[in-house]
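*Asks:* Using the hints provided, position chains B, C and D relative to the given structure of chain A.
There are 4 protein chains.
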Amino acid sequence: MKYCNTVFSGASSEVLSEGMTRAPVVTMPTVVHAAHLKKWIEEPQRIDYLREVFSSTTRFGKLQKVDATVAGRHVYLRFSCSTGDAMGMNMVGKGINTVMADLQQNHFPELRLVSLSGNMCIDKKPSALNWINGRGKSVVAGVTLTGDVVRKVLKTTPAAMAELNVTKNLVGSAMAGSIGGFNAHASNVVTACFLAMGQDPAQNVESSTCITQMELINNGEDLYVSVTMPSIEVGTIGGGTGLPAAKACLSMALGNIPQENPGDGARALARVVAGTVLAGEISLLAALSSGHLISAHMDLNRKPSTTI
Amino acid sequence: MKYCNTVFSGASSEVLSEGMTRAPVVTMPTVVHAAHLKKWIEEPQRIDYLREVFSSTTRFGKLQKVDATVAGRHVYLRFSCSTGDAMGMNMVGKGINTVMADLQQNHFPELRLVSLSGNMCIDKKPSALNWINGRGKSVVAGVTLTGDVVRKVLKTTPAAMAELNVTKNLVGSAMAGSIGGFNAHASNVVTACFLAMGQDPAQNVESSTCITQMELINNGEDLYVSVTMPSIEVGTIGGGTGLPAAKACLSMALGNIPQENPGDGARALARVVAGTVLAGEISLLAALSSGHLISAHMDLNRKPSTTI
Amino acid sequence: MKYCNTVFSGASSEVLSEGMTRAPVVTMPTVVHAAHLKKWIEEPQRIDYLREVFSSTTRFGKLQKVDATVAGRHVYLRFSCSTGDAMGMNMVGKGINTVMADLQQNHFPELRLVSLSGNMCIDKKPSALNWINGRGKSVVAGVTLTGDVVRKVLKTTPAAMAELNVTKNLVGSAMAGSIGGFNAHASNVVTACFLAMGQDPAQNVESSTCITQMELINNGEDLYVSVTMPSIEVGTIGGGTGLPAAKACLSMALGNIPQENPGDGARALARVVAGTVLAGEISLLAALSSGHLISAHMDLNRKPSTTI
Amino acid sequence: MKYCNTVFSGASSEVLSEGMTRAPVVTMPTVVHAAHLKKWIEEPQRIDYLREVFSSTTRFGKLQKVDATVAGRHVYLRFSCSTGDAMGMNMVGKGINTVMADLQQNHFPELRLVSLSGNMCIDKKPSALNWINGRGKSVVAGVTLTGDVVRKVLKTTPAAMAELNVTKNLVGSAMAGSIGGFNAHASNVVTACFLAMGQDPAQNVESSTCITQMELINNGEDLYVSVTMPSIEVGTIGGGTGLPAAKACLSMALGNIPQENPGDGARALARVVAGTVLAGEISLLAALSSGHLISAHMDLNRKPSTTI
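So the sequence lines, in the order shown, correspond to chains A, B, C and D.
Counting from 1, one number per residue, gives the positions in the first sequence under full-length UniProt numbering.
Counting from 1, one number per residue, gives the positions in the second sequence under full-length UniProt numbering.
Counting from 1, one number per residue, gives the positions in the third sequence under full-length UniProt numbering.
Counting from 1, one number per residue, gives the positions in the fourth sequence under full-length UniProt numbering.
Chain A with its partners taken away, still in its complex shape (with noise of 0.2 Å):
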């Protein structure tokens, strides 16, 4: 495995997929003129086209694909793009002003544009949109830890860790009827994370998603774990990148991982996110693991970990 694949010893992690979105939303005259629209702009041979008018505004975006969602007479055109190492919604914007003034000029004079965003950019909001086909980046991270670690480091074993979470972060997450929120705590970490690197707080709500998964392997000797984040917005240029404790906080997080490419820099951060709430997934559970087990011993009077 390559360098760039590992955030820190003994975990690794990958970028599944990545793009920044936005989605205008159009009123056609009629359920068959939105139809027509859909059919139009996912025919195979479009997207050259329609890279070529987005491309006139910007450098470093560029467009890759374009789904069309069909709600009666209105369409929501949600445009994906690579942003480089900009987490890219203003790049976004702009280019997608651009094709959206195409289409109405040159293409289907009878569209009327409603709103630059219709709601299934989806931006800020939570959404199953996001989860299941990514905004921003999309990445995995694991870790084995065997079982001397679980038991000398975590203070408890890996049988115990694994059916807490099923029970917590699967079962539990389910019953509260949670699209996304299958993990104890990521949101502390990514907030912790945006806050000191310049990142935008407000995008949690959707770069917190998370599905945290623990499994008894080598024939229940071993655990491995494993945090799914697909939609994790963020980037090393623009926003409040550029201010002095952010930059800081960038380099130290960032300063050994190669950046050749455009877009290096900002899928490293987001492995380096993904990282960091594996290491305070398993920090947690193993904290309430091992209060559990310990419980007739417990102190019921002390001050309560905050995290949980």
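Since the hints were made in silico from the structure, they are not lab data.
In this text, all values refer to a predicted model and were calculated from it rather than measured experimentally.
Check before you lean on any hint, since a few could be wrong.
A pair holds if it fits inside one copy or across any two, identical chains being indistinguishable in the list.
What the hints assert, rightly or not - In the DSS-like style, the derived pairs of lysine-lysine whose C-alpha atoms are separated by at most 25 Å in a straight line are:
1. K94 - K65
2. K39 - K62
3. K94 - K62
*Replies:* What follows is chains B, C and D alone, placed relative to chain A:
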């Protein structure tokens, strides 16, 4: 209407309910035991007993109710408590800890506490549970905008605002599979308020859930705008509220609102947050709406708004 | 355990709660009025009054509680009622109709009834509301499968079943953004039962929501399997239950279960449905699990199972 | 517009996309292996190879695409296929079985097939996945109702219908935490059609997901009504379609619609279902709406409608 029911001139807000929650999960031997625990703990007369046990650890927190969710042989006990002017997570955690020890030692020896948080609290994760049953303060805020104001100040029309709100905030978010994200950018406003006033920004995941409604009233002449936010988690004491900058901001925001009873401050703060979100929603939808009306004249090369 | 707590030898089931719901929606002049209506109707002493009004139209139905959800100036009043042995939609609709007229005429003249159903009932549509707060009968059923039985009868192992359940029914459905679909094929069983026994098959949308759990117990030797189904809508009188075939099936399924009190029949039927789903889940997961164990020997040309 | 684009006089419908899906789940050694499998299988040129393997088992089914979702070290491979006039589950299962064996034997020896269905298909369970990305046929149907028709035939007004639809079908379902249930009673209609025409009624869970929209057009004079249903699973061959009653009903419904190419029949049936849902939505909302307008005159003792 009493003074404390308005957060700024012309708009009104109300706290609909309140309660900080914590939900331990326990494992019972079988589904029959689990069902029995649920029935026992939800019996009407039980709350007085539980409240007494709970109150041995805290002077301000008061246990209000407990809902038991059975999933197989596991039971998630969602305790809801009033917490005075504190956001209240620690206060509640401490009291629940004591309650769980009492349950295990004095009533259900077969009960095994798996975790002090079983993810039905549910803290810092998207969920339908908080959206439907609330957490922290549930607040509604509304205002009438006359047609004159919409046209002269916002440069659009009541009908255009109402249509945009349905197409974007209701239908768009519905198509995106959102639970609680029926708004334009509540998260921006909540995050800003939380950072300024010493709240926990990791809680904006659920604190920013919001449905924005814009309806024609008075025969289509005027517009009624509201935001409903069931899960605003705030406090005026504890956490980061004691830091000088936070203190100054809290004083500016709440200084002239009477706070005679415990909880008055936290409730006022929740209403300030909702009122500010209301203003933010009006502002952004007006910008999008007027943009669409004058799209023919739009300068397509200008830097687009960063907030849509 | 009493006889009526077991639906078939070895397995146990319990009705956790029950109540048929109907939720009219009303529009109030402002959010302040809406908040006031919520507070008024949820005051503890109010239920006795509402119950009396409700009971003027029905002998069997009994109003149990009302939850008011505010969305802007609209209020959704979710009435929950016990309905004896009937599924109860009509009975409840009739009573609520009277309650709404009373509210409007005698207490809130400014209240405008928009619809007798405001979709928070919520009938025949997927929702987190029924999943979390229940509708009809909420039932749990569980059984211990010894390792011997799993190996000899089901041709697989407890560990393989447990792992498959987590990977497919918990994680798979979580990744699919499911609310309440944490099972393999509950809908097949519910639909079959409903068609055979004169129930409304259009209600299987929510009646088949189910979480299936399979856990290793007794040091990994045995398997505990459960299904939790919060929203089974059934009755033994009314609807199609009087048709000859339905009557015959109901008699076979419930014939030997004592039905002394009103509602005993409907509760027993709900438990029969849950018990049958439990059997169906075990059967399909065993088939999938053993298939995987012997995948090397699989005849790839045989007709695949139709039910997975 | 071509004949086959209208299902009844005045209304229009369109099939937006189609594809029957099946999603096996496999376990890889680590997250890195899982990410590699995703990248390999989603490479643009791969689909031709997979299609060839798939086609060795079926003459009618054609593999269209595959989406790989990584959750830790597990990968859910959602294959989407065209299936001619069959609903297609068996056809697809058979082909996927062969594809999975090929992947394991010839490309990824470390791949362990956990289950031929990993619940991301997702069959007979509520989910955002089918709502957003579709399954079976995705259909939209719409119709213009003139103000005259609304007043004289439906006994209400366009404005009242539009307002009711927002308050009930959009906001009500949003408050209930629904994904895909933004309608009044699509499940009633879908279930009736499925039972009459030999379809699988257990699939109405996802087949009846639907968003109903009612909008004022022509300066508020008229009403545009539409239903959007992304997941209608139907076929005109196989399953129960050969039973005499089903055959007769299919012939009545589809008899005069040209079916020249494979799939024409199934597509027409999907559009008939959507068109019938459209009619059912108009009917029920008109009944509720006119009821509200004349509520003062309502006879409160009459038997309420069974369908609201």
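*Asks:* Compare the structure with each hint and give your call.
*Replies:* Now the hints, each set against the structure:
1. K94 - K65: Answer is within; shortest intra-copy Cα gap is 16 Å, inter-copy 31 Å.
2. K39 - K62: both (22 Å within a copy, 20 Å between copies)
3. K94 - K62: within (12 Å within a copy, 39 Å between copies)
When held up to the earlier numbered hints, the structure conflicts with none and fits them all.
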